[in-house]
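In order, the protein sequences belong to chains F and E. My numbering numbers the first residue of the first sequence as 1498 and each following residue consecutively. My numbering numbers the first residue of the second sequence as 594 and each following residue consecutively.
Note that these hints are calculated values from the structure, not bench results. Source: prediction; values computed, not measured. Note that beta-carbon positions come from the ideal geometry of N, C-alpha and C, so glycine has one too. Errors might be hidden in some of the hints.
[What the hints assert, rightly or not] List time: in silico DSBU-like cross-link candidates among lysine-lysine, alpha-carbon distance up to 35 Å:
#	chain 1	residue 1	chain 2	residue 2
1	E	K671	F	K1513
2	F	K1513	F	K1567
3	E	K650	F	K1570
4	F	K1500	E	K676
5	E	K635	E	K671
[Stated by the list, open to error] Covered stretches of chain E (chain F as the covering partner; in silico rule of three or more C-beta atoms under 8 Å from a C-beta of chain F):
#	segment
6	653–666
7	695–706
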Amino acid sequence: AQKITQTQPGMFVQEKEAVTLDCTYDTSDQSYGLFWYKQPSSGEMIFLIYQGSYDEQNATEGRYSLNFQKARKSANLVISASQLGDSAMYFCAMRGSNDYKLSFGAGTTVTVRA
Amino acid sequence: EPEVTQTPSHQVTQMGQEVILRCVPISNHLYFYWYRQILGQKVEFLVSFYNNEISEKSEIFDDQFSVERPDGSNFTLKIRSTKLEDSAMYFCASSPSGAAGYTFGSGTRLTVV
């Protein structure tokens, strides 16, 4: 079974600054995938970034980057140059090697201040 | 960009009634999922569906729930005899394989009164 832990229930960040959202995971699988999703107040789930367990380089997508530290079982999301539109709930999720469902963390609410 | 479409976006139903939530996955995707998010809580897996059958289900997905792919495009979640605690956002998702590329729909907010 996969377990995802997000320990930051809420964070405030100043516009144009960077913010790091923590995510740790627990699995016995050798092969797995890590995902980050954004959920704005409107409710939809927006895919941000993906990291495979065998990927040697950290994933990046525009202003989003994933700080993957496999030995520590962490997959932190970094949002650079925060914008007001980044205010949302952010979920870390994981897929194991033998199942295809996603297991989600509890989420972190990010509020960007002008 | 292809998207997963869910209808309705909101549904209010009386306790004890049956509801059907509808989803149109991305056309070339092979794996389909339903997830649930009770307000303010984490997203929970309900069921996955592949090759016209359930491939995995959670303990939440009891006899009250069923899924169906009645034609080549729709994927439905039926909740029989709804309870107050079924009130949640229900997300449909699809992926081309089981490995990656999950796309979520915008969700159906179900309110049981």
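Would the hint linking E:K635 and E:K671 be met if the CA-CA limit is 35 Å? 21 Å, holds
Take a quick look at whether E:K650 and F:K1570 sit within 35 Å of each other, Cα to Cα. 26 Å, holds
Hint consistency between F:K1513 and F:K1567 [alpha-carbon to alpha-carbon, up to 35 Å]: 29 Å, holds
Do at least three Cβ atoms from the segment 695–706 of chain E come closer than 8 Å to Cβ atoms of chain F? This one holds; 7 residues, not fewer than the three required, reach chain F with a Cβ under 8 Å.
Just to be careful, I want the Cα atoms of F:K1500 and E:K676 compared with a cutoff of 35 Å; is the pair within it? 28 Å, holds
With a cut-off of 35 Å on the C-alpha distance, tell me whether E:K671 and F:K1513 pass. Status violated; Cα separation ~45 Å.
Are three or more residues of the segment 653–666 of chain E within 8 Å, CB to CB, of chain F? violated (count 0)
Consistency note: the structure conflicts with the earlier hints numbered 1, 6.
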